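What follows is the residue order along each chain.
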Amino acid sequence: MRAWLRHGRHVVGENPVTGLAFGLFVLIALVAVVGPWLAPHDPLATDAARTLQSPSARHWFGTDQLGRDILSRVVVATRLDLTIAVAAVTLSFLVGGALGACAGFFGGWTDRLVTRVADTIMAFPLFVLAMGIVAALGNTLANIVYATAIINLPFYTRMARAEVNVRREAGFVEAARLSGNGAARLLAVHVFPNCLPPMMVQASLNLGWAILNAAGLSFIGLGVRPPTPEWGIMVAEGAAFIVSGEWWIALFPGLALMMAVFCFNLLGDGLRDLIDPRRRT
Amino acid sequence: MSGGEVDLLAVEDLSVEFRTRDGVVRALDRVGFALRRGETVGVVGESGSGKSVTALAILGILPPSARVTGGRAVFGGLDLLAASPRQLLEYRGRELAMIFQNPRAALNPIRPVGRQIADVLRRHTTLRGARLDARVLELLARVQIADPARRARAYPFELSGGMCQRVMIALAVACAPALLIADEPTTGIDVTTQAGILDLLGELARDQRMATILITHDLAVVAERCDRIVVMHAGHVVETAPARALLARPRHPYTARLIASTPRAGAKLADLAPIPGATPDLRAPLPPCRYRGRCERAADLCDEPPLPRAEVGAGHLVACRRPL
Amino acid sequence: MSLLDVRSLTKRFPARGGGRWLHAVDDVTFAIEAGESVGLVGESGCGKSTLVRLVTRLLEPTDGRILFEGHDVGAIPAARFTHTAARRRIQMVFQDPLDSLNPRFTAFDTIAEPLRRLGTADERTGVTARVAEAAELVGLPRALLGRFPHQLSGGQQQRVGIARAVVLRPALLVLDEPTSALDVSVQTVVLHLLAELRQRLGMSYLFVSHDLNLVRLLTDRVLVMYLGRIVETGASQDVFDRPAHPYTRALMSAVPALEPGERRMRVRLAGEPRSPIDPAPDACRFHGRCPDGVERCTREAPALRQAPEGDRRAACHFAFDGAAALPTG
Chain H
5 MRAWLRHGRH
15 VVGENPVTGL
25 AFGLFVLIAL
35 VAVVGPWLAP
45 HDPLATDAAR
55 TLQSPSARHW
65 FGTDQLGRDI
75 LSRVVVATRL
85 DLTIAVAAVT
95 LSFLVGGALG
105 ACAGFFGGWT
115 DRLVTRVADT
125 IMAFPLFVLA
135 MGIVAALGNT
145 LANIVYATAI
155 INLPFYTRMA
165 RAEVNVRREA
175 GFVEAARLSG
185 NGAARLLAVH
195 VFPNCLPPMM
205 VQASLNLGWA
215 ILNAAGLSFI
225 GLGVRPPTPE
235 WGIMVAEGAA
245 FIVSGEWWIA
255 LFPGLALMMA
265 VFCFNLLGDG
275 LRDLIDPRRR
285 T
Chain C
236 MSGGEVDLLA
246 VEDLSVEFRT
256 RDGVVRALDR
266 VGFALRRGET
276 VGVVGESGSG
286 KSVTALAILG
296 ILPPSARVTG
306 GRAVFGGLDL
316 LAASPRQLLE
326 YRGRELAMIF
336 QNPRAALNPI
346 RPVGRQIADV
356 LRRHTTLRGA
366 RLDARVLELL
376 ARVQIADPAR
386 RARAYPFELS
396 GGMCQRVMIA
406 LAVACAPALL
416 IADEPTTGID
426 VTTQAGILDL
436 LGELARDQRM
446 ATILITHDLA
456 VVAERCDRIV
466 VMHAGHVVET
476 APARALLARP
486 RHPYTARLIA
496 STPRAGAKLA
506 DLAPIPGATP
516 DLRAPLPPCR
526 YRGRCERAAD
536 LCDEPPLPRA
546 EVGAGHLVAC
556 RRPL
Chain G
42 MSLLDVRSLT
52 KRFPARGGGR
62 WLHAVDDVTF
72 AIEAGESVGL
82 VGESGCGKST
92 LVRLVTRLLE
102 PTDGRILFEG
112 HDVGAIPAAR
122 FTHTAARRRI
132 QMVFQDPLDS
142 LNPRFTAFDT
152 IAEPLRRLGT
162 ADERTGVTAR
172 VAEAAELVGL
182 PRALLGRFPH
192 QLSGGQQQRV
202 GIARAVVLRP
212 ALLVLDEPTS
222 ALDVSVQTVV
232 LHLLAELRQR
242 LGMSYLFVSH
252 DLNLVRLLTD
262 RVLVMYLGRI
272 VETGASQDVF
282 DRPAHPYTRA
292 LMSAVPALEP
302 GERRMRVRLA
312 GEPRSPIDPA
322 PDACRFHGRC
332 PDGVERCTRE
342 APALRQAPEG
352 DRRAACHFAF
362 DGAAALPTG
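Taken in order, these protein sequences are the chains called H, C and G.
Sequential numbering from 5 applies to the first sequence in the working numbering.
Sequential numbering from 236 applies to the second sequence in the working numbering.
Sequential numbering from 42 applies to the third sequence in the working numbering.
In case anyone wonders, no lab produced these hints; they're calculated from the structure.
There's no promise every hint is true.
[Stated by the list, open to error] Dumping the calculated EDC-like pairs for lysine to aspartate or glutamate here, alpha-carbon to alpha-carbon at most 16 Å:
#, chain 1, residue 1, chain 2, residue 2
1, C, K503, G, D282
2, C, K503, G, E164
3, C, K503, G, E237
4, C, K503, G, D261
5, C, K503, G, E303
Keep in mind it's a predicted model, so treat the numbers as computed, not measured.
Start from the sequences, fold in the hints, and give me the full structure.
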């Protein structure tokens, strides 16, 4: 464990970009966790007297068309958006990774079946597919997560399959067989963990994408329903007001979205460095 | 014995550094040797000794992280290290050629091999059309590839490893270069194929009066095939001598150890002695003699710079203050 | 009872084009006694790697039997063999040390793996002690046990590979070109180590190499393979000095020698080996490249003939007809 922490500190310290990304991630996670307690105002409380106020001392990010404090809403939305993204990516990663690994390792019918399913999913424009799934199954949080997970599945499947395929014939796999490992252990303990580093980079890029996806769904009305604060909805609601000069309603949630995606993209390399033992000196 | 008193290639005080994440690697330090037209010189050393770096430096194809920090490589009157890229392009392929360890990696996988040879000829000669094609077939036959007309249309993946190697040799000798550098051409291949390739190189060298630099870690190969041997250790040339003289009486402690660790027909396993220590880290500050840390004959005077170059016999040079 | 008894072992792979078969290993018969060191040589494509994988039960044989300590292990499918008692008795050291070590396992984990998977209850409780013992046997400093493969030198990596292979004290150790990726002086150290280990642990070796000098140094007997078949067997030094089969003669003559006195007249082989796909059953597979060769060689495949004296065999119609040492020149 201590070795991990030491290596972690080395990775973070070595590259300022990684350090920045990790720092930002910690910040976002903190906001997600304690945000609702930190928010100065109730995110759902409307105030007809203070609608469309520009940023001021009382409302740092201004208020929206219903008089709700935008700062509070942005902060509270962090938890929701982060949850959706992490849940969707984790689901995708685990299921897609497992399917792809089995396909790559066992070949034959497993391979054929899994790749056909992945190809079918990829045949659709992915966002449209997500829309379709949510529209068909209903506008719940769970369905948004499932839809996002499903459309991301093929990336993990393909990547896991390719990586497992390459390593399947490696010397250390044969050696592991001689050491008494059956097929299941070979895949789970020897082959798949070595495929994780490249998949981690994919996962972190995916996190950013998943947030955008959820925000996009909300933007067109298929995602989270108002008045729940969520960055996508907030941008959607605020878009209408930009023309009339109330720029802050869409800008701040938009900035939050941007920061989160930016952070996750940068995180990718750092995560890979963290779990790849070859990066250890 | 080769003719001509003038050296075809004279490498003097060649020094090369690499910039890496962990510091500057002083890969070569004042490496020097020479060869004449038609001569075959073997460069031996363990991995990390700088053999391949020397070859890449001579041809001007070092990776971008490398810097030549000193020395000259004079070839036919031109210092290759100071030449302009345009001049080097004229020389490479025509007067200077190189073959590499992994033949498949050296061939373009998406072009038939005949076309690749034709490319070289087109670049450096005025042959065109039917005469060009004929020359390609001639070259393939020269490197003992059976059925050259059919093979010329084949892609590298359709040929065996040994054949790919021969194609690579054909590419290299297409314009009858004066100097061929062979970087580990036989490492990792069967002994019979190896003998065939080395025989071929020997024949071509004789027919075209081509000088050859044979880089390998296999001492037995250079013992059989080379006129002279250059022994390298950790970026230094430690000994240079005619092959027979070197093997009969090595003067540098490292050379003696290298010979003692090479299996021989009459020797038993117990006779093989390993070389103590390991190649020094070329990033760290180093003493003038880089073998000092592993040498059983080391003494205080070995710490005095510069590294000596003593002549101990006809054409026999040793970089040691206390030669055997 | 021999430790390993291979009889008429055959492995065929389906070749491109359907209905055709690549004869990787064809009707191979040999035995290894307890404590014996046997070498296996031949050019690439001769079937050495396939034979090795059959013997270590990583591949299923198409035909023939593999008897290990009296049990027919060839009949047990590879997947099930992993869980038999014999699995720990046959182990292997690989050619490329870096490739044969899991990049995510420390040296300790790598050496401990066989103990954890195949060890007895006793062995599993004393893992740390046994790993330390194995490390000491192979001369690997304890401090290096916590390192990952990329943090070790080539020689150290190979020591880890050897430690892993011997930690369970196998009866048969297969060595697949164990030193070809190493520098000559590291090679010397590893060879000495292997010789010493054999003495101490009483193992048998199957030593595969294309470096004939090493085979001569480390083995008692040698098997020469060509295109899936064994073409010569005998005591290593004998086969080296007086090869009987024309292929072995060509092989031995091609070995580069340090001393001019050891060099032999080169026997050149013409052309490429025949195709191992559907080879003609009644012709000698070496015919065409063989410097000798008569009409008989095209219609009668030679079987392994016994030499008049000594335990030598060669698959040539003319072997031992006044075989002499290769002329030096």
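To see whether the hints hold, each was checked on the structure:
no. : hint            : verdict
1   : C:K503 - G:D282 : 15 Å, holds
2   : C:K503 - G:E164 : 37 Å, violated
3   : C:K503 - G:E237 : 14 Å, holds
4   : C:K503 - G:D261 : 13 Å, holds
5   : C:K503 - G:E303 : 15 Å, holds
Consistency note: the structure conflicts with earlier hint 2 alone.
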